[in-house]
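Just so you know, the sequences run in chain order A, B, C and D.
Be aware that the first sequence starts at 3, since it is given in the numbering used here, and climbs by one per residue.
Be aware that the second sequence starts at 3, since it is given in the numbering used here, and climbs by one per residue.
Be aware that the third sequence starts at 3, since it is given in the numbering used here, and climbs by one per residue.
Be aware that the fourth sequence starts at 3, since it is given in the numbering used here, and climbs by one per residue.
The hints are simulated quantities; they were obtained by calculation from the structure and are not laboratory data.
Careful: at least some of the hints might be erroneous.
Unchecked claim - Computed footprint of chain C on chain D; a stretch qualifies when at least three of its residues, placed anywhere within it, have a C-beta under 8 Å from a C-beta of chain C:
(1) 86-97
(2) 194-204
To be verified - Examples of chain A residues toward chain D, derived with CB under 10 Å:
(3) I268
(4) A297
(5) S304
To be verified - From chain D, some residues computed to sit far from chain A (all C-beta separations above 12 Å):
(6) L10
(7) E61
(8) A104
(9) A170
(10) G182
(11) D230
(12) G275
(13) E280
(14) D294
(15) A300
(16) G322
(17) V330
(18) R386
Since the model is a prediction, treat every value here as computed from it, not as a measurement.
Where is the CB? At the ideal position from N, CA and C, for every residue including glycine.
There are 4 protein chains.
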Amino acid sequence: MSTDVGELARRTRAFIQEQVLPVERELIVAGRHMDDDVRVDLQRAAREAGVFGPLTPVELGGLGLDNAGLAEVLEAAGTSLIGPTAVNCAAPDDGNMHLLAAVCTREQAERHLHPLLRGETRSAIALTEPAPGAGSDPSMVRTAAARVSGGWVIDGAKHFITGAEGAAFTICIARTGDGGTTMFLVDQDNPGLRVGRRMPTLDHSAAGGHCEVTFADCFVPDEAVLGDVGAGLRYAQVRLAPSRLAFCMSWLGLAARAHEMAAAHITGRSSFGRPISEHGMAQAHVADNEIDIAAARALVRSVARVLDTDGLASSTARHGAAIAKTFVAEAVWRVLDRVVQLYGGLGICEDHLVARFLVEARGFRIYEGSSEVLRTSIARRVLRAHTTPAPAAPIAAAPASAAPTPVLESR
Amino acid sequence: MSTDVGELARRTRAFIQEQVLPVERELIVAGRHMDDDVRVDLQRAAREAGVFGPLTPVELGGLGLDNAGLAEVLEAAGTSLIGPTAVNCAAPDDGNMHLLAAVCTREQAERHLHPLLRGETRSAIALTEPAPGAGSDPSMVRTAAARVSGGWVIDGAKHFITGAEGAAFTICIARTGDGGTTMFLVDQDNPGLRVGRRMPTLDHSAAGGHCEVTFADCFVPDEAVLGDVGAGLRYAQVRLAPSRLAFCMSWLGLAARAHEMAAAHITGRSSFGRPISEHGMAQAHVADNEIDIAAARALVRSVARVLDTDGLASSTARHGAAIAKTFVAEAVWRVLDRVVQLYGGLGICEDHLVARFLVEARGFRIYEGSSEVLRTSIARRVLRAHTTPAPAAPIAAAPASAAPTPVLESR
Amino acid sequence: MSTDVGELARRTRAFIQEQVLPVERELIVAGRHMDDDVRVDLQRAAREAGVFGPLTPVELGGLGLDNAGLAEVLEAAGTSLIGPTAVNCAAPDDGNMHLLAAVCTREQAERHLHPLLRGETRSAIALTEPAPGAGSDPSMVRTAAARVSGGWVIDGAKHFITGAEGAAFTICIARTGDGGTTMFLVDQDNPGLRVGRRMPTLDHSAAGGHCEVTFADCFVPDEAVLGDVGAGLRYAQVRLAPSRLAFCMSWLGLAARAHEMAAAHITGRSSFGRPISEHGMAQAHVADNEIDIAAARALVRSVARVLDTDGLASSTARHGAAIAKTFVAEAVWRVLDRVVQLYGGLGICEDHLVARFLVEARGFRIYEGSSEVLRTSIARRVLRAHTTPAPAAPIAAAPASAAPTPVLESR
Amino acid sequence: MSTDVGELARRTRAFIQEQVLPVERELIVAGRHMDDDVRVDLQRAAREAGVFGPLTPVELGGLGLDNAGLAEVLEAAGTSLIGPTAVNCAAPDDGNMHLLAAVCTREQAERHLHPLLRGETRSAIALTEPAPGAGSDPSMVRTAAARVSGGWVIDGAKHFITGAEGAAFTICIARTGDGGTTMFLVDQDNPGLRVGRRMPTLDHSAAGGHCEVTFADCFVPDEAVLGDVGAGLRYAQVRLAPSRLAFCMSWLGLAARAHEMAAAHITGRSSFGRPISEHGMAQAHVADNEIDIAAARALVRSVARVLDTDGLASSTARHGAAIAKTFVAEAVWRVLDRVVQLYGGLGICEDHLVARFLVEARGFRIYEGSSEVLRTSIARRVLRAHTTPAPAAPIAAAPASAAPTPVLESR
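Make the full structure from the sequences, and use the hints.
So this is what it looks like as structure tokens:
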């Protein structure tokens, strides 16, 4: 198996190199956003190259990898900003695949999950809201779903909804009374769901952008409820650890590529009478990048094994993924920043790509749990061990109200 | 005098607040670059507000400040990305004003310097070249000027030439035999000077962009020589210290504004049951920003006094300005980065401006001497004191070939 | 005046170089602590060298400097760990001089302040207590003084009382009912005051060590009250800003000396075929040290001017001193740490002194307000400006209960 | 097997907790150095507890672990400063075991290696020399061995020779003509070997200290040559990777223990109206420690597997160990530094141990390759891939003179 994964990773890397990088360059030079026409073409090529669908079960045409395998393959795919999309493993679809696989009914699977896994559709998940709604604190959700005959009516405003434009459906998280929240599967063509503007974020590589989405008098039938009523935030945990870790994998790939680019770049250039590659401060940047990447990779792979053995929503998985997300987001940022510095003036020119990489990566320290929010929750888990006798229970047994102030982090 | 400067700074700050910020927001939201029509309007308003021309002598309609005064006023102007341009003290014009004032003839002053000081024109300086030409190491200049009857013919390619599009003239630094370099004042409409494309840099606020410029069979008469033949790199030192320090002043203003914006932003928002302003990690960011800004301000002002007392090209000025540039560029970056983090998701949306500030600022750690190149030269000056008996002489007496490996840093 | 200060600083530096450094080396090599016999000898030499008493008024035999002057002279004295003691301006005496000068009666001045200023005595101040008493939060003082006929009886335990062993008197801060605290001048030979063990702290250079001190049934007469009953924490503010800033000045001196030592050290050594001074990573350390020192110096001097103009207990002085303390403590630590790294293996050998410097300096980021406590209070002052209309009032008018949670930082 | 290792690690941790920590505390409080009487007692206890000899083959009474197993067990042993010695796996013995196992003859094994593995003796390795000899650059060795009848005569001065006092033998690295170096096994009672003073280093936990050692007219017979004449620096590579990694393992253990101590410490204390464990800046320290430890652990374990699969002297092992050493040394330092900060004033008191931990750890960023030297060699390996076609060959085939400037790092 491990050999297979190594081979898949190499094949993925070659696919990105040959078929995705030229498209990426074209998009960046043109200042264009990633979009669905590009996605469809790339995914077709990925299928032909045998690298489509790292998370898609083999019987649905994918690679069917566990998280340990994904760590190698998604890092390879991540060597391009649009690589994860090309192999059908980009956010928020990857997390939604995990979530639906764990929670949805057979009918919901056929309608929503399988087309998603096959790359026929894209999806969105709508949690974050403008202030004073849910930002980094998901318990502040204000979008509300009211019980009506045969279903629910959802009202509320969401923003930063990745991939909303062009998605087939959106998983909407809404308050459903008594402090509980519930997840609803809302078809994108539901007349009560309106996708507003793409927000002018620094990154341009998410198919479907990051959108404002409004639910206005949006009726959904009972079959649209995902899992149990009132269990929304609990389910959100199922996707959180793998989603965070997947971001780490793909950004790590980009960092590793940029690191190689910078090493090659400075090898051929001179200043002050010596090749730049002989300047000690340049070497310090190269070494620090190598170190950051090695540490990030080891951490991601070790946490991936925890997810595989302990379960996606286990407390060890959540703790590990929070740690990995924080470390890797900061490490990737440091690497890309040093790469820009190694390029000098060319590093702030978008035609050398590394400027674009840095700008694209800026959000990674914020979305899916900012470094500050995550560190708060990491510290609380550590400190709790010194005050309470028992560790947090796994999700199945998780009581609705966990410890003192539950930190259920998200964007 | 000091009272006057304080008053001028307050007036400048108010001018920026009332008349420049609305224009800045418009440009950013529209994704537009700063351009000359905007510049002309803003400078007219600056004149009316009595804040035009910090470096322009009073008799030419300006404020006639020394560097100590400039530190306060340019920080105020810098609270907008386009503020320095609005008051006619943006790069590269400010450095060129210093350079011309120190070196040019009366005729050159009337033709080039005075219109520049009055804001009637803009200027450029052409030093940096594509590899293997002069990048961070100015001694690698390959653009060459050949002696011909009545003048010189310049040939070579330059890039990252700030403000070239729309400038009235460019100071071209070219090799002139025997290892010497010479500065030439080239009218922008000289048929041998071609302004190429604007380079797609991350920043958008420099009037005239950062351009590729080619000199091809470019004839200039003897009167176009600035100062002495062969003294080009020596003169470059005259503008280096004040130019670096001016960047520090204006970026410090932007950092201070962003810091205030972030403090206001988090004061009104809550998460996890408390105002964000009560979260310890948010407070750490706010405090670190306050500290970085205070240290940067104290350093800039103390070095400004050194420039005023010891002279722009003194070794103490050069050393101090290199120190300030390095510290302030890194500090400003840290501040803007923390501000983005304090804004959370909104911090990577360009409609909240702070995302744009971060992206605009990225070049500051590279241009006018990258942090690595500057630290090399700072260290060498420190270490030289432990090997040679006498400190470096001031510019007037500077021998053509200074110590072991002269580090004459630039972009 | 400014010339005089420059001259005094040079003279102080020379005095340290010639007369204090040999004593310092002897103490360090022998693993001995600084003690009073050494202090008396050094202060006699300082008087002869004309550098005694930077804070001592001229009429009492000192230099009578303001904070701006002190910044230069105390930095010079601080080039030795025991230099501030040698010139009679070491903690806690310097802060106590400021406090007594501002608050004490004529009789108290004659009995306590003047001998202190003349170097005939040393003093202590007893605020911090073992948990759950006052640590970084002075409002948690548990030592209590009860009203009795003709005076007060103090009971409680203190620790980390710098200089207690051998001091002539201790300013004890005790709770005096109704939530107020009061300062008492307690003679060290008061039978109710017991100086316990010297605590085994990392630093060895404080005359009198850092001691445990117990007040048990300790009677003091009414004349022992310093200032008003109940105003203890308010008075503590008077000494806080100058005391913090004085630490910055003297540690800056040590950092500057270590920086010079390291530069000299690496200039004469080689590895990997080149002088270490030509290794880029060594140069990075040297440059970063030069930058940190320059920024720290500029900041300290600018805040010193604020203390001189706005008053020791003004809100601007307190804010500035908190900023300077935080920045300088961290910067000094970075400098000394890099110096150790530049020395390599020799850097962790105490016979090269720099190892000792690092260890001695570790406490500076903790005492007189840890970097964390100070950043909290800095942030609160910044953020308060965005919620309340008026800035904090100066000390004279300060209400007993300031804003939400007053941060009155100390060790 | 993996279960066994987990069980061994738990047993080791318990042994340390119960039998080693009390001894450690006694040594620290008394200011005593680790010494052989203590070592012998502890090793006897370790044998009884079944945790003796992680590297000692089972047939010699040890645990016979590979590097992957060692990573878990030595981290457990490292929770005490003297834990690695207690289980007979402290530097330099662990590295010497690897070296001798790979290179020595059957006779040398019986005489030197087996007693070492059984804990009957200690050993030393003498590479580093006072300037201008071998410091961080082993190619600068000046100690020379001259061919004489029946053997060699060694002359030269070494310093920082860990464990020299009380060792049974020293592996001396000396120049043997033609630029080659050779390793010699020198009995400690050889009259030509003199152990000088223990150097006054910051750490006190190495049995036998760090000593000055002189070889004067020191005759050794031919049988004392370790491996081939001229191959000394090549053999040094055999011990380098496992030795560096072993340091990482044990220091990681100490960092993890200190992290737990700090978390427990702040849980029970309050300031400013809240438990310190609720202060955001304290939480940031706790989280950063948790993250640093997790990343360090993942990296160490992944590199340990590389050593096991690729060989101790493979280029991947050397690269990986250099990366791990640099990252872990810096991470451990950050952790211990934050722990001190979390303890506040108590953190700089040696009776709370964490002050001592910080001081002890300072050398780790310097010995066995300073962070700067290692980063240079890491960068060169990365950059070489961009200039030369083939990667470095494994040790067996390594030519005497490798690439441009071979960086063969050591202390």
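key: Hints the structure fails to honour   = Failing hints, ascending: 1, 13, 14, 15, 16, 17 and 18.
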